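**Student:** Spelled out from the first residue to the last, the chains are:
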Amino acid sequence: MSATTQSPTAVGSRTPSKAQRLLGDRRLPVAATALLFLVMYGVGLGRYQYYGFDEPQVFLNLFIDNSYLLVAAVGVTFVILSGGIDLSVGSVIGFTTMLTAWLVEREGLPLLVVIPIVLAVGAFGGFLMGYVIHNFEIQPFIVTLAGLFLFRGLCLVISKESISISDSAVSSMAEAQVSLGMGFLSVGAVVSLVVLAVAFYVLHYTRFGRRVYAIGGNEQSALLMGLPQGGTKIAVYTVSGFCSALAGLLFTLYIQSGDPLHATGMELDAIAAVVIGGTLLTGGSGYVVGTLFGVLVLGLIKSIIQFEGTLSSWWTKIATGVLLCAFILVQRVMTARKKT
Amino acid sequence: MAEPRPVLQMTGIVKEFPGVRALSDVDFRLFPGEIHALMGENGAGKSTLIKVLTGVYSLDGGTITLDGRSVLFGSPLQAQQAGISTVYQEVNLCPNLSVAENIFIGREPTRMGRIQWKRMRKEAAELVDRLGLDIDVTAPLSSYPLAVQQLVAIVRSVGTGDSDGQGSGTKVLVLDEPTSSLDRDEVQELFRLMRRLKDEGVAILFVSHFLDQIYEICDRMTVLRNGTLVGEHMVADLDQVGLIQLMIGKALDQLEELHDQQLHSDVGETLLTAEGLGRTGGIAPFDLEIKKGEVLGLAGLLGSGRTELARLLFGADQPDSGKVTIGGKQLSMSAPNAAIGAGVAFCSENRKAEGLVPDLTVRENIILALQAARGWTRPIPVAQRDELVAKYIKALDIRPANPEARVGQLSGGNQQKVLLARWLITQPKLLILDEPTRGIDVGAKAEIQKLVVSLSEEGMSVLYIAAELEEVLRLSHTIGVLRDRRLVAQLANGPEITSSRIMETIASGEHQ
Amino acid sequence: MSTNSRWRALTHHHLFWPVAVLVFLLLVNVPFTPDFFSVKMTGGHLYGSLVSIVLFGSPLILVAVGMTVVIATGGIDLSVGAVVAITGALACSYISHQADQNALSGVLLAMGLGLLAAVVCGLWNGFLVARMGIQPIIATLIIMVAGRGVAQLITNGQIITINSDPYKLIGGGYWLTLPFSIFVVAVVVAVTVALTRRTALGLLIEAVGGNAEASRLVGIRSRRIKIMVYVFCALCAAVAGLMISSNTSAADGNNAGLWIELDAILAVVIGGTSLLGGRFSIGGTVVGALVIQTLTTTIYTIGVPTQTNLVFKAAVVIVVCLLQSPKFRAKVFGAKFGARFGAKGGAKPAVAETDTAASTDAAPKMEVS
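Chains as they are written, first to last, in the numbering used here: chain L, 1 to 340; chain X, 1 to 512; chain Z, 1 to 369.
If a hint is listed, it holds; no wrong ones were tucked in.
Below are the DMTMM-like pairs computed for lysine to aspartate or glutamate, each with C-alpha atoms no more than 20 Å apart in a straight line:
1) K352(X) to E213(Z)
2) K291(X) to E457(X)
3) K122(X) to D134(X)
4) K198(X) to D67(X)
5) K429(X) to E289(X)
6) K331(Z) to E137(L)
7) K198(X) to D219(X)
8) K327(Z) to E137(L)
9) K327(Z) to E219(L)
Rather than coming from a laboratory, the hints here were simulated on the basis of the structure. Quick caveat: nothing in here was measured; it's all calculated off a predicted structure.
My request is simple: use the sequences and hints to build the entire structure.
**Tutor:** Structure representation (structure tokens):
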């Protein structure tokens with residue numbers, strides 16, 4: 001073999017500097033959200049210390065009260081990372097509460113049978129949407145919009161009234177507590193954290209997870225690189241459908257009823273949490289850990305407004321909007337700087 | 001030396017599209033350890049042949065044998081698995097992932113389904129190292145310039161089969177115009193990689209519009225014209241003139257008369273001056289003067305700053321320093337609008353992305369610039385509009401001559417003419433043409449060059465950018481020479497100015 | 001001209017499919033309500049199913065018309081529902097504070113206030129999209145999320161009811177035997193068509209949506225145009241908001257205009273305007289909005305339980321989108337059919353390097369070179 005000819009000068013200068021790499025680091029937005037959470041929590045501690053804000057349980061309640069949102073947001077993270085969007089989340093959650101309540105209360109099925117059924121239904125719904133999106137090349141926005149209408153409509157087909165659940169298995173599971181010494185978590189919170197961990201593993205340590213990032217980065221390239229881009233897309237929506245159904249189950253546990261209007265608009269909360277968590281809505285960049293912080297920030301806003309007492313609930317929406325705006329602007333500035 | 005057995009043999013290839021026979025009875029063969037150029041003008045069938053080979057298109061006739069076995073690929077993936085990898089002009093990688101991931105994605109080393117990141121990074125680093133490249137494989141791909149991304153794409157394609165024992169290793173590497181957006185050093189780096197792969201026994205099919213590159217790197221070439229095989233030659237046995245004659249046949253002399261014509265016409269007083277105009281990362285500050293009726297040609301290698309200079313003059317990019325004056329008035333450079341208002345027109349080299357609105361009709365595309373100048377409140381009266389459009393469709397011979405046709409469906413040459421018509425209708429004082437003849441057929445090329453001459457005779461100034469030096473020489477009164485993003489010289493055209501003189505200027509970077 | 005080519009010209013028309021769906025839906029009603037198409041005069045007012053379809057569909061038509069021009073620039077406006085709520089809340093809360101709720105000046109001022117708020121929302125959306133370069137779907141998400149909070153803030157979380165006759169006119173009154181809102185819609189549609197097709201605005205909008213960079217380089221002030229369309233869209237939503245609150249004489253920050261953005265986008269898509277931007281059709285959008293309203297009415301008249309309304313709507317979304325998907329047509333009806341009807345909806349045609357004859361859907365990425 002011939003001797004290696006090198007031109008280190010030509011290539012060496014192109015390696016980005018450390019400062020550049022730090023600024024361009026995709027983990028930066030997640031760190032920013034985490035920091036925001038800590039600051040907000042610190043402010044909360046300072047302001048409401050004497051009202052019991054400093055109790056560990058207040059912190060743990062963030063996980064308990066938002067477990068369903070976290071699970072739903074994790075599903076949405078998959079979709080957004082792949083460059084798509086899922087508007088059907090809230091409806092699927094609502095439908096799951098109705099289906100669960102109906103199967104348990106009206107049909108008398110045991111909860112253990114109902115759980116796999118509703119999860120399968122949610123995953124199948126997501127699969128169908130993914131199938132249509134991929135095979136007929138219709139925008140995800142429109143297809144999942146149809147999903148939003150469909151599942152909300154199916155809620156109403158099951159019943160126009162809400163169905164409360166009095167099944168003992170449900171209530172015992174809802175009331176079960178996992179002690180952590182300084183406080184406790186609900187079953188839902190534990191499930192949501194497990195989902196988060198699994199999602200992290202899948203996204204970073206499996207080929208499927210990397211494909212999700214790849215098609216979010218450049219779908220055309222992913223196709224030409226020989227990645228099964230269609231299958232990945234369908235799988236992503238299936239994951240989202242599954243997560244929505246699981247979130248619906250957690251919501252059922254949390255609220256112990258099924259209602260055709262449950263979780264209306266929750267897709268917006270989930271998308272907001274994902275964006276605040278530092279995931280680019282254009283796809284290909286972001287972390288589920290960021291989504292966790294996004295959910296915690298949203299939850300913390302609700303807690304603070306409750307502690308404040310004088311503020312009405314609609315301030316939650318306004319604050320979410322303002323935060324969303326701030327994060328979108330920051331993301332915008334950061335990506336703009338990276339380009340030049 | 002006895003010829004070894006070809007690794008790839010394509011015999012009697014036929015490919016038809018509705019109404020068009022893109023390939024008829026084409027033979028092609030490729031030997032291991034050779035770099036083989038596929039030559040031909042636009043429409044010759046190069047891309048079609050490559051797409052048939054790589055499984056993008058199905059075959060309408062003929063056979064393909066790889067390593068002596070008859071093969072038929074239903075998809076690029078199948079071709080890739082059989083050992084035929086392709087790297088296209090546009091880098092088809094994921095900029096958001098690391099270099100290592102881009103090399104390995106889809107075949108990452110795993111243990112029980114878990115990706116072994118450490119092993120992947122190590123193997124990627126080794127592979128990059130073995131091919132003589134110095135790239136940090138953990139950095140995101142987007143942090144590297146396009147040229148390096150292209151090298152990574154090649155590393156990826158030849159790395160197929162290196163892990164998990166999948167595939168059979170790359171036997172054939174197809175490089176479809178990989179050099180069109182690289183500068184000279186980057187091309188050399190690419191060539192070094194190609195030679196390395198050649199030594200390892202890979203057969204490389206290379207497509208490039210740059211003749212010099214072909215003669216530098218290739219061993220053998222196959223020439224196509226109008227979908228048929230013209231011949232297969234050793235590069236050493238066929239000189240450039242011979243090759244050009246094979247590629248385009250008789251069309252060459254059509255352009256010869258132009259040069260003399262041009263040199264006789266006169267230029268008028270100063271139209272535009274640029275002083276200290278520059279932009280970091282674009283082009284170093286330069287001074288420039290364009291006279292009325294003058295054709296100013298820009299010569300320089302790709303990436304030397306030709307396009308950047310033109311974009312600055314037009315206000316398409318915002319300059320960091322300097323000013324532009326037209327007719328004594330200084331332009332605001334925050335947007336192209338001021339330049340357009342002062343009579344500057346700019347036909348981008350990138351017709352699809354920066355020129356045409358493919359969904360709109362020929363008519364709408366033609367009147368767009370004029371309408372933009374008039375503002376939305378003053379539409380062009382219908383009668384006047386139709387008359388103007390009809391006039392320019394006729395004058396430039398745009399086909400189909402149907403103003404209602406969607407412009408996206410036109411051929412490259414006709415799209416270029418639509419762009420020209422769009423600006424000519426505004427009767428500009430200075431027309432900037434960035435590679436107006438790229439990717440269009442020879443006939444349309446000659447028409448556009450003739451048009452430039454007649455426009456100049458009518459008193460319009462033209463800033464003309466072309467990749468081919470001959471083209472610039474033939475048309476220009478003055479030639480601006482660029483090198484490494486600097487305007488290094490402005491030469492008055494004359495009999496003593498030749499391609500080699502300009503090349504020397506580019507090479508030395510000095511005004512001699 | 002043979003019948004065949006006439007038929008082709010007809011089916012090729014961009015309004016063919018939307019109108020066909022509308023006619024089909026209208027005809028479905030006839031077996032259930034034989035006098036479906038009759039219009040009666042009672043007490044000086046015209047009544048009939050057709051009149052009520054237009055009446056109830058009015059707010060949706062307004063919002064959808066505004067949405068059309070936004071989508072044509074390659075954008076989308078998710079905030080229209082929130083704007084509907086804010087406008088209604090502002091106007092009603094202003095009127096409710098007046099001593100004389102019937103005073104014309106107060107009502108006009110209230111409406112002006114509502115429209116002004118919409119202009120602010122539109123400017124904000126336009127600023128984020130055109131100035132900051134944020135994706136429209138994200139930029140307008142902000143007001144979609146925060147706007148309902150603002151509306152509730154204005155109404156203090158209550159449903160404000162008012163009793164004002166002049167205000168009632170916009171959404172519930174009659175004029176020249178017809179519902180007044182029909183005139184409002186007619187005027188808005190006429191103004192929109194005139195603005196886009198009598199001036200060059202339509203062309204410039206389509207150019208910006210079709211190729212933003214090319215538009216910049218020909219000197220189109222696309223920022224200005226984008227801001228204009230977002231303001232226009234918000235104004236349309238505001239008029240719809242006034243109409244809705246006027247019709248019910250109440251402002252409900254939570255539920256007024258809920259999901260109307262989704263219906264509006266749907267109407268635009270049914271009308272044949274691609275979500276990718278570029279070519280748009282106001283006429284198509286009006287037909288699309290009427291299709292959605294007719295669907296709702298039809299579900300009532302044929303006696304299907306009303307709660308299944310949403311399921312039907314989902315079915316229509318899917319059917320319409322599938323019919324517009326070239327890939328679906330090619331798969332189901334065969335390549336010939338798909339090619340014959342051409343890419344009308346979402347598909348951007350691939351650029352073929354040969355003449356037009358060779359460019360069909362059968363070889364979408366053909367490039368002979």
